[in-house]
Amino acid sequence: QKEVEQNSGPLSVPEGAIASLNCTYSDRVSQSFFWYRQYSGKSPELIMSIYSNGDKEDGRFTAQLNKASQYVSLLIRDSQPSDSATYLCAVNLENTGFQKLVFGTGTRLLVSP
Amino acid sequence: EPEVTQTPSHQVTQMGQEVILRCVPISNHLYFYWYRQILGQKVEFLVSFYNNEISEKSEIFDDQFSVERPDGSNFTLKIRSTKLEDSAMYFCASNGRVSADTQYFGPGTRLTVL
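So the protein sequences, as listed, match chains X and R.
If you read the first sequence in the numbering used here, its first letter stands for residue 1, the second for the next number, and so on.
If you read the second sequence in the numbering used here, its first letter stands for residue 1001, the second for the next number, and so on.
Honestly, the hints are just simulated from the structure, not real lab data.
No residue lacks a Cβ here, since even glycine has one placed at the ideal position from N, Cα and C.
Take the hints with a grain of salt, since some may be wrong.
What the hints assert, rightly or not - Residues on chain X that point at chain R, a partial pick, calculated with CB under 10 Å:
| hint | residue |
| --- | --- |
| 1 | S32 |
| 2 | S49 |
| 3 | Y71 |
| 4 | A90 |
| 5 | V102 |
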């Protein structure tokens, strides 16, 4: 069973702080990794994608990937109350050449004003 | 900005009835997917579709489920005989010419089976 694990939270941070979200995955052949944000009752919205080891920055967001440790994280700098949502880690299993995203259960982030 | 659309936004049906959920993927995308999310649970892969055929399906996607691309724009998910446990949000997703591209999700259809 190929799994993606996340702490369900909630992770509570004050406005302006850095929020750190973590994810581990079990399948070593995974090639691409995604962070989606999901507001309650809404669909997943892409935040970041990352394909190679290291850091990738986009505005206030930084994704970090360590394939040896099978670990991917998302840092949100200068957290805002509007960042309060569930953050889903998704891993793409590309064994067949086609995508099959496996999602974690998500980490609920609460940013207090 | 192009987006995936889904209809209806909410479907209520009686157990045993057939439902068809509709999706219009982003126009130049070639890979299409259905996922579902039972309330309070994780998003689960159902099926992927490329070149007018299923490329992969999960164990959830049994004989009660089928997908179709009836024309150049729509992508449908049919559940032949709904069960109570089919109640969930169903998300359609698509991605572009390269299979490793990011998947973009539609707003979802909330299916309620009574």
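Cross-check of the supplied hints:
Evaluation of the S32 of chain X hint against chain R yields a held restraint, the C-beta minimum of about 6 Å falling below 10 Å. The closest approach between the C-beta of S49 of chain X and any C-beta of chain R is roughly 5 Å, which is under the 10 Å cut-off, so the hint is satisfied. Look at Y71 of chain X: its Cβ only gets to about 19 Å from chain R, farther than 10 Å, so that hint breaks. At about 8 Å, the closest approach between the beta carbon of A90 of chain X and any beta carbon in chain R falls short of 10 Å, and the interface hint on this residue holds.
Interface hint status for V102 of chain X: upheld, as the beta-carbon distance to the closest one in chain R is roughly 7 Å, under 10 Å.
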